[in-house]
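S.K.: Turn these sequences into a full structure, and let the hints steer you where they fit.
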Amino acid sequence: MNGLLWSLHDGHVVALRNVRKIRRVPEVLVFVLISPIMFVLLFAYVFGDSIPIPGVDYREFLIAGIFAQTVIFGATFTGAGIAEDMQKGIIDRFRSLPMSRSAVLVGRTASDVIYNLLSILIMTLTGLLVGWRIRGSLLDALGGFLLLLVFAYAFSWVMAFVGLVVPSVEVINNASFIVIFPVTFIANTFVPAENLPGPLRTFAEYNPVSAVTQAAREAFGNTNPAFPPPDVWPLRHPVLYTLGWVGIILLVFVPLSVRQYQRAATR
Amino acid sequence: MTAVIEAHGLVKRYGSVTALDGLDLAVPAGTVLGLLGPNGAGKTTAVRVLTTLLRPDAGRASVAGIDVVDHPDEVRRRIGLSGQYAAVDETLTGYENLEMIARLYRLGRRRARTRARELLERFTLSDAADRPVKTYSGGMRRRLDLAGSLVAEPSVLFLDEPTTGLDPRSRVTMWEVIRELVDQGTTLLLTTQYLEEADRLADEIVVIDHGRAIARGDADTLKARVGGERIELIVRDAERLDDARQVLSRSAVGEVVVDDHGTGLTAPVDGGPDTLMQVLRELDAAGIGLKDVGLRRPTLDDVFLTLTGQPTDASTPDHEPSPEVGR
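Top line first, the protein sequences correspond to chains A and B.
The numbers in my numbering rise by one with no breaks, and the one at position 209 of the first sequence is 237.
The numbers in my numbering rise by one with no breaks, and the one at position 116 of the second sequence is 1361.
Simulated from the structure, these hints should not be mistaken for laboratory data.
Note that the structure is a prediction, hence the values are computed from the model and not measured.
We put the CB at the ideal spot given by N, CA and C, even for glycine.
Do not rely on the hints blindly, as some may be mistaken.
[To be verified] So the derived list for chain B, only partly shown, Cβ under 8 Å to chain A, looks like this:
{"hint": "1", "residue": "Leu1298"}
{"hint": "2", "residue": "Gly1310"}
{"hint": "3", "residue": "Val1314"}
{"hint": "4", "residue": "His1316"}
{"hint": "5", "residue": "Asp1318"}
{"hint": "6", "residue": "Ala1332"}
{"hint": "7", "residue": "Thr1336"}
{"hint": "8", "residue": "Met1345"}
{"hint": "9", "residue": "Arg1348"}
{"hint": "10", "residue": "Leu1352"}
M.R.: Structure follows, in structure tokens:
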């Protein structure tokens, strides 16, 4: 077998181990699944009537935004999982084996997609309960889910890098909060980008989170052609813009994380 | 004999802390080197460099003739490492841990399964094989971790403080397991804080402090330098101290030292319990009452006191200096 195949083989072994852990510690899963439900309900009922969206029901507008925010937050698990393995010396064990250098990260980011798959499923059900509907074709909607997962996967490599750099699991949670909250709020996730003041509006228009949200909204048919998004390239071509970011993030953070993994030392 | 593990002038710095300061090591094939030193002496750093987990700032090291910096993968194929903190996954079972490691050594699915079962059997963990590791005792975890390092039947093994934190019984079990491996011809580098452990297992001992070797030799040589066993006693009546000192000096092989309180005496002896009995009989015959008496073997503290003139640094933190982020 060549290097790439071995890397996939080893990544697969590591991913299996992570999946076993998810099954053994179901408590984690419970929290993973409760928070999206909470977000859907909070936004739908607290802000639902106070944020007017021309031409679209707020709940329909909201769901794609919550999907985007939740799957991006899912990357926190990747960072926390890696930080925990570092702390417990398991990364040392892996590093003393003649296995592929990228396998631990490949396996971790892959197995964490399960969290996001489950949370999308839960959010979809909750969304349908509060009145959200997929108005486009099912195929388009599946494309929307896929794009959300792909973007979240790329972002999980960012958090993988953070997980290798921070001194403990606790720091990861705070760090992800500080990074992910602004990135997912200064976007068109919960309010239309046009409603934001000056510089924030510009940030939101070029924020890839806005693009992935816009793409998902269009895929679900939750937009009204009479009220188009701001006339900027990223939001006119949200799928392309999102995939562009996915490429950039992976190109930067995959090599960076693998390098950091090789140098990493137990704290 | 050619050295299987070799290090020349290893230096590793973490910011202003020098963890390794020009360390030289040579371990001939089939022998055991005990790296003895207090917390923070650089033992773990040395092991991490030799097992390719850390790049040295200066110096060279090789295992089985392969340079650890130039060809880390080749080195990893030939070594086993069992760390200070048992690096096993708590949520997985013992079997799953070993099977995963075996598959990462690319043994193939079927071979990995057999190997995992074999090792569990060998380390008397078969009964606990399918229980999550979090239900294991400290000794069982260490044995599992050691089993993990033996999956690929390495000819060179590194054990970083294999018995630290274990109760005495588990420690003895661990020693037996390690002894067995060594008898089968494994070359072993072992770090420890316990002189007794190095004494029991190592052919040669290197005492390190502040990242430097401060003494080397076999256990007997080191003990001879430290002064071997000593009798310590405290007289009941301070006025009889001089009489007791005279009795003790007859059996002592060195100077008899009076403690700060003026009631305690310490004297190096050889002959162990026989000498102690002899001294006790003579003290009894002279009618000298004792508050306390004992035969003490040299500890790491004694070794350090003798070699450096200072006791082991109690203020040293529990861990080796942590590498800084973003080196």
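S.K.: Confirm or reject each hint.
M.R.: Against the structure, the hints:
1. Leu1298: holds, 6 Å
2. Gly1310: With a minimum Cβ separation of about 17 Å from chain A (threshold 8 Å), the hint on B/Gly1310 is violated.
3. Val1314: Constraint on B/Val1314 not satisfied, violated at 12 Å.
4. His1316: violated, 11 Å
5. Asp1318: Holds - the Cβ of B/Asp1318 comes within 8 Å of chain A, reaching about 5 Å at its closest.
6. Ala1332: With a minimum Cβ separation of about 4 Å from chain A (threshold 8 Å), the hint on B/Ala1332 holds.
7. Thr1336: This interface hint holds because 4 Å falls under the 8 Å limit.
8. Met1345: holds, 5 Å
9. Arg1348: holds, 5 Å
10. Leu1352: violated, 11 Å
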